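Could you put together the complete structure from these sequences and hints?
Note that the protein sequences, when read in sequence, are chains B and D. Take any residue in the first sequence, count from 1 to its spot, add 25: that is its number in our numbering. Take any residue in the second sequence, count from 1 to its spot, add 25: that is its number in our numbering.
The calculated DSS-like cross-link candidates involving lysine-lysine, where the alpha carbons are at most 27 Å apart (straight line), are:
hint: 1; chain 1: D; residue 1: K296; chain 2: B; residue 2: K98
hint: 2; chain 1: B; residue 1: K98; chain 2: B; residue 2: K39
hint: 3; chain 1: B; residue 1: K296; chain 2: D; residue 2: K98
hint: 4; chain 1: D; residue 1: K98; chain 2: D; residue 2: K39
Examples of chain B residues toward chain D, derived with CB under 7 Å:
hint: 5; residue: A163
hint: 6; residue: G164
hint: 7; residue: I168
hint: 8; residue: F174
hint: 9; residue: T175
hint: 10; residue: I178
hint: 11; residue: V182
hint: 12; residue: C192
hint: 13; residue: V271
hint: 14; residue: D273
hint: 15; residue: Q275
hint: 16; residue: L307
Since the hints were derived computationally from the structure, they do not count as laboratory data. None of the values given here were measured: they were computed from a predicted structure. Glycine included, each C-beta is placed from N, C-alpha and C at the ideal position.
Number of protein chains: 2
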Amino acid sequence: MSRRRIGIDVGGTKCLGVVLDDAGVVIEEQRRPTPPGTEAFVDTLAELATALGVTDSLGIGVPGMVTRSGVIKASPNLIDITDFEVGRMLSERLGFLVEVGNDATCAAAAEWQVGAARGATEMVMVTLGTGIGGGVIAGGQLIRGANGFTGEIGHMVVDPEGLPCPCGRRGCWERYASGSGLAQLARVAAIGKRLRRVVQLAGGDPDNVRGENVQAAAREGDVEALNVIDLFGRWVALGLVNLTNVLDPQMFVLGGGLAASGDLYLGPIQKWFTELLYAPDLRPHPQLVFASLGERAGAVGAALMTELR
Amino acid sequence: MSRRRIGIDVGGTKCLGVVLDDAGVVIEEQRRPTPPGTEAFVDTLAELATALGVTDSLGIGVPGMVTRSGVIKASPNLIDITDFEVGRMLSERLGFLVEVGNDATCAAAAEWQVGAARGATEMVMVTLGTGIGGGVIAGGQLIRGANGFTGEIGHMVVDPEGLPCPCGRRGCWERYASGSGLAQLARVAAIGKRLRRVVQLAGGDPDNVRGENVQAAAREGDVEALNVIDLFGRWVALGLVNLTNVLDPQMFVLGGGLAASGDLYLGPIQKWFTELLYAPDLRPHPQLVFASLGERAGAVGAALMTELR
Chain B
26 MSRRRIGIDV GGTKCLGVVL DDAGVVIEEQ RRPTPPGTEA FVDTLAELAT ALGVTDSLGI
86 GVPGMVTRSG VIKASPNLID ITDFEVGRML SERLGFLVEV GNDATCAAAA EWQVGAARGA
146 TEMVMVTLGT GIGGGVIAGG QLIRGANGFT GEIGHMVVDP EGLPCPCGRR GCWERYASGS
206 GLAQLARVAA IGKRLRRVVQ LAGGDPDNVR GENVQAAARE GDVEALNVID LFGRWVALGL
266 VNLTNVLDPQ MFVLGGGLAA SGDLYLGPIQ KWFTELLYAP DLRPHPQLVF ASLGERAGAV
326 GAALMTELR
Chain D
26 MSRRRIGIDV GGTKCLGVVL DDAGVVIEEQ RRPTPPGTEA FVDTLAELAT ALGVTDSLGI
86 GVPGMVTRSG VIKASPNLID ITDFEVGRML SERLGFLVEV GNDATCAAAA EWQVGAARGA
146 TEMVMVTLGT GIGGGVIAGG QLIRGANGFT GEIGHMVVDP EGLPCPCGRR GCWERYASGS
206 GLAQLARVAA IGKRLRRVVQ LAGGDPDNVR GENVQAAARE GDVEALNVID LFGRWVALGL
266 VNLTNVLDPQ MFVLGGGLAA SGDLYLGPIQ KWFTELLYAP DLRPHPQLVF ASLGERAGAV
326 GAALMTELR
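Here it is in structure tokens:
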């Protein structure tokens, strides 16, 4: 009998657990609500793993800063959980070493091993959601960094005098190039008395404009909405260019909520990428592809992490 | 008899060749002027290698964009050399595979193997000279990237509406945090009628202010010069923070011309690094150390590259 590789992706509202077959295909999945409090959190993870038939292989993906030894330092979605040794507690409970990693790092592992970047040796995964997460494959390895914090790319500062970020600094990339960044760019444009159609779709109040409203108006062909998408594409490209300068990847895998409407963004991102890249004529440009594992990427990657440590 | 490992670092004016003993220590070195033209260039490299007693191990470090297969795509210091297959030509001439790499990548390899970062598994080398170069060690490997262009960190955009860069874009990190960046920050301050002592040291003309003038005035305790150093430290720190967010290194090795006056900068860089780092209280901060191999780092690393490919 082959090993039952199990992965759990912890989200703000639910935990998704999956079982992989030998080829890395999901053969079973179950969900549980993410409970408040550390004790109930560990209970839920252990119960979900047991329900999925865990034997000796479990990986957990958690948003936020997770150390290589399985300590959640802080997580944006688990506000009552800080400096919590979830790895050690689960390992003791289950009797084998449980691997814990950042959810975007897990997603990168999944797309690399069984998804859109299969076979790549140099790849950066960028998850464009409310914020921006990331994961790095370099030299044919999953890079985790000194502490496990590789890929906090949403907090690259791209404008030192820019928009304030809840992290306490200014001009972090995710203030511009995430889902909330798109909404912010649209609100700024709307308050300048523009974006009539977008504001209409948002119910008439510029302050209520969301990324979805921009997308919907852009799909109708609204020029002002398309201009916001273009500006957004410029900010996404700027960060991708910086990552290219640092890491020279062969490929970016774009995931997260915004990847679902990727067709709207791909053109602008590619145009601006070429415009902003250092020495664009002297090099092959990295491929821009969308993630193929959807919302399961984190859980699949968590299951694979046990073999990548 | 052990292998004669030979490395040559190509500079704008001279080529430095070294021979390493088994421990990686330089036991012999020779210099040649860097000649103009591709033919003389290959002749010089082959002659220097022969003079150093090359047998079957030669690495070459070249500034600029060098592919993994030894093609110089473009080099700021070798203006008449573009798209030139120096690796293939030297390999044919000498009868064995000659390794060619970017000079900052070579310097990173050297500091990692036999210098300030010995034993590190996660390290970023930053060479602060006229521009900024870089090299990346991650997951215990030298990272070269899809094309060999890993570490073009001087062209990370840190202010999209910032100072124009000769590369054609705006706000590249090296516009602020390099030797020429320091001079530029000082000239901007001087033109605003400040920096009397610095301008005096520059012969009275604000347009002639150089980094050395700022350093000299700062060493005298001139407050205005120290303010420029502080601002410069902020820009250096901003880039180091971005690299930390991407790669989570345990250590930065600072090299290049400015490292020689590193004592002036270290305090401001560290202060601003803590100020600008994402989640500074939740993580050990990477060590900031200065390069230990000085101007030989590129040549030593070039010699070691043959074993790291």
